[in-house]
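Colleague: Given next are the chains, with one letter for each unit.
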Amino acid sequence: MNSDLTESQLAVRSRIRDFAKTHIEPVANEIDTAQVTPAFVIMAMAENGWLGAALPTDWGGGGLDPLEYGLVTEEIGRVSSAVRSLMTVHNMSTQALLRFGSDEQRARWLPSLCKGQKTIAFALTEPDTRGAIGEINTVVEKDGDGYRLTGKKTWITYGQIADLFLVFAREGKMPVALLVERGSPGFTTEPIVDPLGTRGSMLAKIHFDRVRVEMSNRVGKVGAGLSFVASTALDHGRYSVAWGATGIARACLEASTQFATHCTQNTSALIAHQLVQRRLTNILMHETTARALCYRAAQFRCRQDARAAAETSLAKYHAADVAFDAATNAVAIHGGMGCSADLPIARYLRDATVLNIIEGTQEMLQTSLSSYAARKLHAEQ
Amino acid sequence: MNTLETIKNYVTSNISYELANESDFFELDLVDSLFALQLVTFVEQQFGFSIEPDDLDIAHFCSIAALHRFVEAKLG
Chain U
1 MNSDLTESQL AVRSRIRDFA KTHIEPVANE IDTAQVTPAF VIMAMAENGW
51 LGAALPTDWG GGGLDPLEYG LVTEEIGRVS SAVRSLMTVH NMSTQALLRF
101 GSDEQRARWL PSLCKGQKTI AFALTEPDTR GAIGEINTVV EKDGDGYRLT
151 GKKTWITYGQ IADLFLVFAR EGKMPVALLV ERGSPGFTTE PIVDPLGTRG
201 SMLAKIHFDR VRVEMSNRVG KVGAGLSFVA STALDHGRYS VAWGATGIAR
251 ACLEASTQFA THCTQNTSAL IAHQLVQRRL TNILMHETTA RALCYRAAQF
301 RCRQDARAAA ETSLAKYHAA DVAFDAATNA VAIHGGMGCS ADLPIARYLR
351 DATVLNIIEG TQEMLQTSLS SYAARKLHAE Q
Chain L
1 MNTLETIKNY VTSNISYELA NESDFFELDL VDSLFALQLV TFVEQQFGFS
51 IEPDDLDIAH FCSIAALHRF VEAKLG
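Order-wise, the sequence lines are chains U and L. Quick note on numbering: the numbering used here labels position 280 of the first sequence as 280, and the sequence is numbered without any gaps. Quick note on numbering: the numbering used here labels position 28 of the second sequence as 28, and the sequence is numbered without any gaps.
Since the hints were made in silico from the structure, they are not lab data. Just so you know, not all the hints are guaranteed correct.
Short, incomplete list of chain L residues facing chain U, as computed with Cβ under 10 Å [to be verified]:
no., residue
1, S13
2, N14
3, L28
4, L39
5, Q46
6, P53
7, A59
8, L75
Don't be surprised by glycine CBs; every beta carbon is placed ideally from N, CA and C.
The following block holds chain L by itself, in its conformation from the complex (with noise of 0.2 Å):
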């Protein structure tokens, strides 16, 4: 499974509405702080990297296009 396939996976397991890839689960209201925090646990856990303070910027973690992006960009 690729990057956007798994973080997609993820997020549409947690989120019981259809979503694009850049609908922003936030602002629509779809999820609150605590699944913020379980979005950075899981990146983390999943992808084997550690989260720094100047990533922590909600528009990382809005939707899944923008975590895709994140992931990759961390990755290299």
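Looking at chain U on its own, in the form it has when it is part of the complex (with noise of 0.2 Å):
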């Protein structure tokens, strides 16, 4: 697969490579227990122009093609699972905006969002509704010329500093969405502590009460909030996760490689031993199928093929079960010191729970790919 990619798509990995290692990596471990995000973490992947990589140039984004994004997503995946979650709801929510936003919104946001001087988050899950993306209880009621926004988000990704907030809410009966700056007036957030795993994800609840939105703050027409608006985010969103945890497979294949190999076991390496080299050659395939999934998500995309975002889905279910059993295996190669903070497996292990929910849960994809294996059937007979 590697020898498809062109010397740009290349050079593009070698450059996050390095900078993941050198930026990232060495407090990847710190971000995980510490629960935090440090600031010059942030400030390194915007002046580099990571955290705006997959937007476009004319708004002052990195212009990448998705197979490129894909890349520079692993990369990030593979060092850190927090970090790489801010590139993702920054992407989804900033291409959203892209694609569905007045010309007015553009203007005003997308210079500062693809240039990463500020950040965005999604919010869409709602404590009572699990993350079932036609349950919404945020509401708004019309206030003159605008709205009042009342309700609850919950495992909002970044939700404690993010300035601005792409969030669904209902209109009657009709979804909506609407960008919320925080700061506004009736906008608060409460921080999410000790979660499971992307510990580093600053994850928040935000409560609106009454918060006041201009019109002209809503994004799409009314109806479309759900379809077309969330949808379009919670694609590029799969997207991301599918090659974050292609990056935690990756992870797992090499610290379980060189454990394996430095490591004895009455008196031989642990890697001749035959049920560990039946763990790492499964890691080993399934990191493998999940990124070829991936690189074919990244074609149907590059060409904007209109089953793109089923292919996307796809290879999001696939390498999230990848990362996780990935994981387990890796857990499994350690023994006690996969259990240890001292190494980062068992932030591996906790990361990659987390995949099998975010941006659609595994059950939830089951549906719709079920759906879209019905039509791929049928299209092809």
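Reassemble the complex: the two chains are provided individually, in unrelated frames, and hints are given to aid placement.
Modeller: Encoded structure:
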């Protein structure tokens, strides 16, 4: 697969690999234990152009194509799922704004978002709905020439620090998407502490108490909030998660191979034991298939194929499974050290668990992918 | 192939059910939001125009006939 990469793609991968090793990997465990992404890491991501890497150059972004962006996400995901999740939410929300925002909204927000000077979070999940996309209790009511927004959101990635929020609510029975700025009167956030995984992703609960939102901050038409705006954002999010999950699987493969080669048991290297060989082989096989599906999704996206969203879901579904399986095997190979906070192995397992839930649980994806399977079969007959 | 036939062929090739032109495939729960995105990309690619934020009304994308009316209006 790597031989298919162009010189430009190889150069991007080389640059991001160096960046991740220099700026993120040394503090990745600390990000996890402190449950904070330091400002200098976010600043470095922005200043080096990685936060807006996939966004258009016209607006100050990096202009990477989908495959290049995937390679970047894998490298960041390999060292820190928390930092990868910052890229994920920032990119998915900005992509939705780019696609569905008005000229005025784009002119106002895209330059600072594409350059990473401001960050944006995605606020869909609510305390009582457990991520079900069609069940929104946050509501807006008309207030003169604007709205009043009331409700609660939870599990909002980087909700503790984001400058702007893409919020989903109901106007009557119709879903709407709104841009809400931190600091708006009636807007408060509450940190979520001690989550299982991606612990440095600065999760927050958000409360909206009759927050005034100008009509000009509505993204897309009334009724388009979920089917188009949220779906587009989630599609970009799944693409990012798929590559990030592949990054975790690769990290597990590298760490496990190194450990099994250098550690001995009964005078022979761990890797000489057949059960360890089996685990390593399984990680290798799964990591390879996950990357293959990510490349496939990238190809669909690069040629703007109508099936790109479904192929992206397939890649996310598989890669999230693979990351969990790889991390489970990595813990087993490392034994007690796999459970230690001194190594990143336990972190990989916790982070991989989260990937099976975010951007559509595996069960939700089974519903949409089985429908895609039926459509695909029908189209091919 | 005319516009209606092109749309009908695409939709029916993706849905394993007999569909009348006015059948709302979202209301009938035959497809999900992934298919909505798929339709947006299909229309842009096939008919060569960009779908603007104001065009994004599920009512334009919910049936073969609605899609046909929308595409014809955009093509002027």
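Colleague: Against each hint, give a clear statement of whether it holds in the structure.
Modeller: Hint by hint, here is what the structure shows:
1. Because the closest C-beta pair between S13/L and chain U is about 4 Å apart, less than 10 Å, the hint holds.
2. This hint holds: N14/L has a C-beta 4 Å from the nearest C-beta of chain U, less than the 10 Å allowed.
3. Evaluation of the L28/L hint against chain U yields a violated restraint, the C-beta minimum of about 13 Å exceeding 10 Å.
4. Interface restraint check for L39/L: the shortest CB-CB distance to chain U comes to about 7 Å, inside 10 Å, so the restraint holds.
5. Interface restraint check: Q46/L against chain U, minimum CB-CB distance 9 Å, threshold 10 Å, status holds.
6. With a cut of 10 Å, the hint placing P53/L at the interface with chain U holds, because the nearest CB-to-CB distance is about 5 Å.
7. Among the interface hints, the one on A59/L holds; its C-beta lies about 8 Å from the nearest C-beta in chain U, closer than the 10 Å criterion.
8. Given the 10 Å rule on beta carbons, the hint for L75/L is violated: about 19 Å separates it from the nearest Cβ of chain U.
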